[in-house]
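Chemist: Just so you know, the protein sequences line up as chains A and B, in that order.
Position 224 (the first sequence) corresponds to 487 in my numbering; numbering is contiguous.
Position 343 (the second sequence) corresponds to 606 in my numbering; numbering is contiguous.
Hint data in this document are derived by calculation from the structure and do not stem from the laboratory.
Just so you know, even glycine gets a beta-carbon here, dropped at the ideal spot from N, CA and C.
Heads up, some of the hints might be wrong.
Said to hold, decoys possible - Here are some chain A residues pointing at chain B (derived, C-beta under 8 Å):
| # | residue |
| --- | --- |
| 1 | Val-544 |
| 2 | Leu-548 |
| 3 | Ile-581 |
| 4 | Arg-647 |
| 5 | Leu-651 |
| 6 | Ser-653 |
To be verified - Under the rule of at most 20 Å between Cα atoms (straight-line distance), these lysine to aspartate or glutamate pairs were calculated in the EDC-like manner:
| # | chain 1 | residue 1 | chain 2 | residue 2 |
| --- | --- | --- | --- | --- |
| 7 | A | Lys-545 | B | Asp-635 |
| 8 | B | Lys-286 | B | Glu-515 |
| 9 | A | Lys-646 | B | Glu-515 |
| 10 | A | Lys-646 | B | Asp-547 |
| 11 | A | Lys-545 | B | Asp-547 |
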Amino acid sequence: MNRYGVVQEQDWNLLQDAEFQALVRAEIEANYPEELRYPPRRLYWREQRVWFQRMAEKGWIAPSWPTEYGGMGLEPAKLLIFLSEQERWGVARFQDQGIRMIGPMLVNHGTEEQRRRFLPGILSCEDRYCQGYSEPEAGSDLASLRTRARRDGDAYVVNGSKIWTTMAHDVTHIMLLARTDPDAVAQRGISFFIIELSTPGITVRPIQDIAGHRELCEVFFEDVRVPVDNRIGEENAGWDVGKSVLSYERVNIGTPQMPAYALERLQTIARLRGMSQDRLVKGRLAELKLDVKHLSDLYTSFAAILVEGGTPGPDVSILKIWATELTRRIADLIGELAGPAGAVKGQVQVGDEQVDVLDVFYKALPSTIYGGSNDVQRNVIAKRVLGLPSEPPLRGDARPSRTPRSGSDA
Amino acid sequence: MTNSPNTSSFVGAAPEEMLADLKAVGRKAVPPDVARVRALRDEGQDFDRAQWQRLVDLGWIGLSAPVHLGGEGAGMDVVATVAEVLGRAAAPEPFASAAVLPLHWLAQLPGAAEQVVEDIVRGELIAGPAWQDEAGSIAVASPSVRANGGADAPVLNGTAWWLPVPDADVFMVLAQLSGEPVLVRCARDQRGLTLVPLELADGSRSAHLRFVDAPIEPAAVLARGDRVLRTLNAAVDATRLAVSAELLGVMERALEITLDHLRQRVQFGRPLGSFQALQHAAVDLFIQMRLTRAALEGATRVWTDPGSTDRDRAAASSSVKARASAASALITTKAVHLHGAIGFTDEHDLGQYVNRAVVLGAYLGTAHEHRDRYQELTDDEGLNKVGVAQ
Ligand SMILES: Cc1cc2nc3c(=O)[nH]c(=O)nc-3n(C[C@H](O)[C@H](O)[C@H](O)COP(=O)(O)OP(=O)(O)OC[C@H]3O[C@@H](n4cnc5c(N)ncnc54)[C@H](O)[C@@H]3O)c2cc1C
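This is chain B alone, in the form it adopts within the complex (with noise of 0.2 Å):
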């Protein structure tokens, strides 16, 4: 972690009505629709690609990417702002994994990685990336992926873990050549590869990536240095504060189907909804959601102010991810045991958003890993900080 500012390029804060619109429209583009997202999963898709082709049409994929390759040149209140309303439609196209990371990540890397850039926001490649070591830490650390054979016929070993996107056209490693981090393109059908699924609680899946003696072209190290990792960590930090965004969504979409069912579902001659016991547990839940809002809103501030250092920057995004994890955790549940029975059944909508939860609850760091690396990164603040971010 350094503290110098700005790895990722800067983009300032976009106006409050604009976020409000785009919401708006948001919202009706892509409603809550939970059959699309159980008949998918029941056809063992992981996502639809043609649900990913109207997100490009929409624009929203290449929000992250700045104009000069093609993107909208978004900020991160834009961004989180999509990444909710996907939230709450419990959509499983992996908007934060294969277009926030990837083009965080790549656009900050001049040279070939940019042509991936403005193929991923055409809508011409889904590309995967693959970084993680086995504990799955949250910390980008040094590759488990080696390349050895010399830098004009590397050749690959070892396995990059939890890849959140296996069915990706191409897939971003992170590895290691000549003590040197780099950026490694590699094609699904790579000689050497094998992919290792695993099937995750929404009906997405997550795969390890396992190389022995893969040979791989010269040109497919798009990048190489210490600046593949910076980036990456600035990436992996602005994906938590999308993936948070996420998260808000499916809390809110679950806390409403809740309030739902309480006012709706009678028992001893009364709605669920006016045992008081009933409304002030749902009054907990809404705090949790309250709380994420704001969680979610102080980070972003952070993120779309000039003067945040990266290190600002990870406090932030480690803080509203430890509240999003944390939260709808114990939303979706409770909003099973609110609903009785019939909230654990497939058949009901709810159930995806508790998976749902469970999955991105995991993703790129658990409430618990975060509240650690905020007190780590903010140790050396006053103690009377009222969080105001400095």
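Excised from the complex, chain A in its bound form (with noise of 0.2 Å):
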């Protein structure tokens, strides 16, 4: 047993992967509600928190966590395969940012007060995080937001407002980035917070996506009174928190289970369509496999960093770059070969079966935008990855400008 309460039955990266490929695949198979398998929105955690609790239980709803912080402490292999039989069985994802970037972030940047207070609620599931970086004015630019936050005894007083903040209604915390220091140069003045969503002066407003889900909300704070403990990191430091955590994200939105699981439901399709043996179609097919097998493969490089603890370089915005324009290119074959199937909302009849077809189609479409767009990510790999020189300055207007630049590019 360590410190945050979890044990673990066993060393599972002592197995053989074919046994704990089986074992996993018996626990999801033997207790994974057959109603949410394949769900096609996010799910709320009222519909959902029976399976996760039981994984909690377990000890196993942080995977990918190193075992004394609680987690599985699973090496890449057994990672993919714990991840891959989910997808084999359409589980669901639930509102996972505690574990997938709270987490590893703590590790980093935390204290140790902090890790014993917000770690085991994240590991019992009680506690469920929201991101809230994005603001009205403040997309790719993110260092421009405005949020503010301003000292008063041993509390942060927040107003301003956040918005795409998913799932806000439906969790509990929420990460945000406000600005301490509205003098200093835009990264300079930025701190990182957790907040309660049920603090008083928060309130929450959904809003409705062309998909016709309601996942997206905006956040609004007045007045609301944030304890210094809150505050992770140094004063005024939050912005390279707040990247760290953008980098385990761009890891798991950089994982293979959304390109594999939009390449199950393409084969499907093409199979219930009679289509799979037709040349052109196969080659395409073939090409697209072995696209999401690279992924895979690429993903392990990067796993075997979380695993160990670590915090990924400039370089992880490939794997987001790669995956989510991955899905969209799959997501266009689907449509391409649904026929008139395609333009039905919801489940309809595709030969001898019930099928979600624009299901992929609605999950690949924002997927180039949220997590730092792909064209903010070939921006930053082109830079500090491949070393190639800063285009000029474009802030303000046109002209040459005189004052030194305020704006980011991460």
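If you follow the hints, you should be able to join the two separate chains into one complex; please do so.
Modeler: Here it is in structure tokens:
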């Protein structure tokens, strides 16, 4: 038993891959609720809590965390098996940003006291997180954010608003980037906070998206008092904390899960439409299959860094770009093969099965935007990995500016 | 294709530090030297025998041969590391086709073939494998050369196509004798043998071997039976992995040259590399290079895993060859575009990498062929297996 109250039955990494796979598969097939398989939208917590609480009790909720912090400590090959077994059975994802981002971030940036305070709630699923970064005027140019946190004794007082905060209406905590020094150069005046959404002064309003779902939210802060102890990292040093969270997010968006799921849907629809054996279709299926395979090869090398408790470098952006654009390509081919069924919302009869043809389309569509848009990711790689020179400044207007730049490009 | 495990002898993974050292030392020993390659080409030489001997001395040529035959008994991770270094150097020495392929093939055929292995490892013999049919099918199929006249006085007729090393001292010919596949050792001056050479894009050559009533000694039949085909199959798959690693070196170097150019070349008063359109184009090439590296690591893991079957290994080799062929073509050609006209000149180093990618991309199967093959080899796996090697 470690200090986070989670025991692992054994060292999973000592098992043969096939043994581990059989074990995970048996658990899922025996206990995952049938009616929750392949959900076409994000499920609310009340719909799926039974399963994830079971995972938490089993000690399986944080597969990639080191065991000393209550995770399963899976090495990359095992982690991939763990993920792909869930994918194979159509297991839902919950709002697991606490597992995927907050945990690794606290390991690297939090204090011991903060780890003891926040990790157990994440591991038990009692605390679930959303990400309060984007604002109406601060999207790709995140460092221009304006939500203000003013120090007042042993607390900060937060005012402002966040937007596109996924599932804010279904979770308990928000990670917040707010400006603590309005006079500093953009990135320097930002701090990182963890805030309970039940704190007085917070209002959440859902936004309907073009798939008809209500997953995105606006979050408004009006004189919200946040204890100083909820600040992660030093005051005004929140930008680096926030960026490390983004790098975990990129590893997560870059798992082969979404494209593998999309490929499975594509193969199914091709089969149901009797097109699997068409020469041209076969060629494209084979190409996409290898695109997914090589994503998982690539993911393996980054997962190794996470399992050892490290933070990936800026090259991690290639995972996010490849995974999301690959899913878009798969969605395109699904549309081409589906015929008139490709226009139907929700379940539709194709051949002898019911499928949601548009599901992959709506999952893929926003994926090139969130988690740092792919254009911005390419900018980052070009400069920080390939060492290409910066573009001339574009702030304000096109005239050369004599004042120093205040903006960011991460 | 059989499912019996390990037609090639199995060698496990080497420690990562050892591979990193080998790469660092290798890069110093054989740095990129396009001037040398161009000079060889202009003299009409496929490769440099003195350089081959250096590779022998470095222990690289004998990497794939087992220790009891004088080799290093190295695994595919070590072979891939060396191949990548050679690709990066644009070295025309036929490491994959005249070391990896024949050694993997012959070392598994006990008897007379082992002598050839020892000679190759010592650098005393360069052996060219001749097994392909006219279509250049990537499957190792029934031989297109026939031996008639019985086992006592065999006579060869037919053509072995697409031989990669026409300058070899001897040819290892796949033939058919009384309904059985056989491996025949055949000298350059073999009576009844004509070489039909073809000039390739990078200045090297390939050739067809045409046999017309060519009488051979019975002792020249080094091995016979199905294992000749089975071991050739496995050897060709090992070679595909090595060629893919060489292509990785090719694309890595081409990308480096291109990034240097983007940083230095100024137009419109700015370095080209500060234009976002070109930055994003460069990033897309970088992604393809990294995917190839990941695919290579994935494939090598399969080859160095004791639980892998021949079929797993074949799928792994097709996986990486498909990516390496397509990515090297994309990167090298786009690199020319990003250079402008200077990139299209023979004087610029880039050209050698472009042409090398053309040649190695087609050798032992194009991207398209290997995607199909991968699909066939993995078809009965669960749909959602995210590529975890079983
Ligand atoms: C489904 C979904 C879920 C989301 N969930 C969250 C969440 O939970 N929490 C959160 O904080 N945010 C979330 N976001 C917001 C997301 O992070 C932003 O949408 C993203 O950062 C882009 O900002 P923007 O939408 O303001 O677009 P803009 O920044 O205005 O960009 C518009 C377009 O311009 C391009 N562009 C912008 N700058 C450049 C540049 N320098 N070079 C080249 N091209 C450029 C972009 O790539 C994009 O194509 C979510 C978004 C979506 C779609």
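Chemist: Look at each hint and say if it fits the structure.
Modeler: Outcome of the hint check:
1. Val-544: Hint violated; Val-544 of chain A Cβ to chain B Cβ min 11 Å, cut 8 Å.
2. Leu-548: holds (7 Å)
3. Ile-581: holds (5 Å)
4. Arg-647: violated (11 Å)
5. Leu-651: Check passed: Cβ of Leu-651 of chain A comes within 4 Å of chain B, closer than 8 Å.
6. Ser-653: holds (6 Å)
7. A:Lys-545 - B:Asp-635: holds (8 Å)
8. B:Lys-286 - B:Glu-515: Roughly 14 Å separates the two Cα atoms, so the pair holds.
9. A:Lys-646 - B:Glu-515: holds (18 Å)
10. A:Lys-646 - B:Asp-547: holds (14 Å)
11. A:Lys-545 - B:Asp-547: violated (25 Å)
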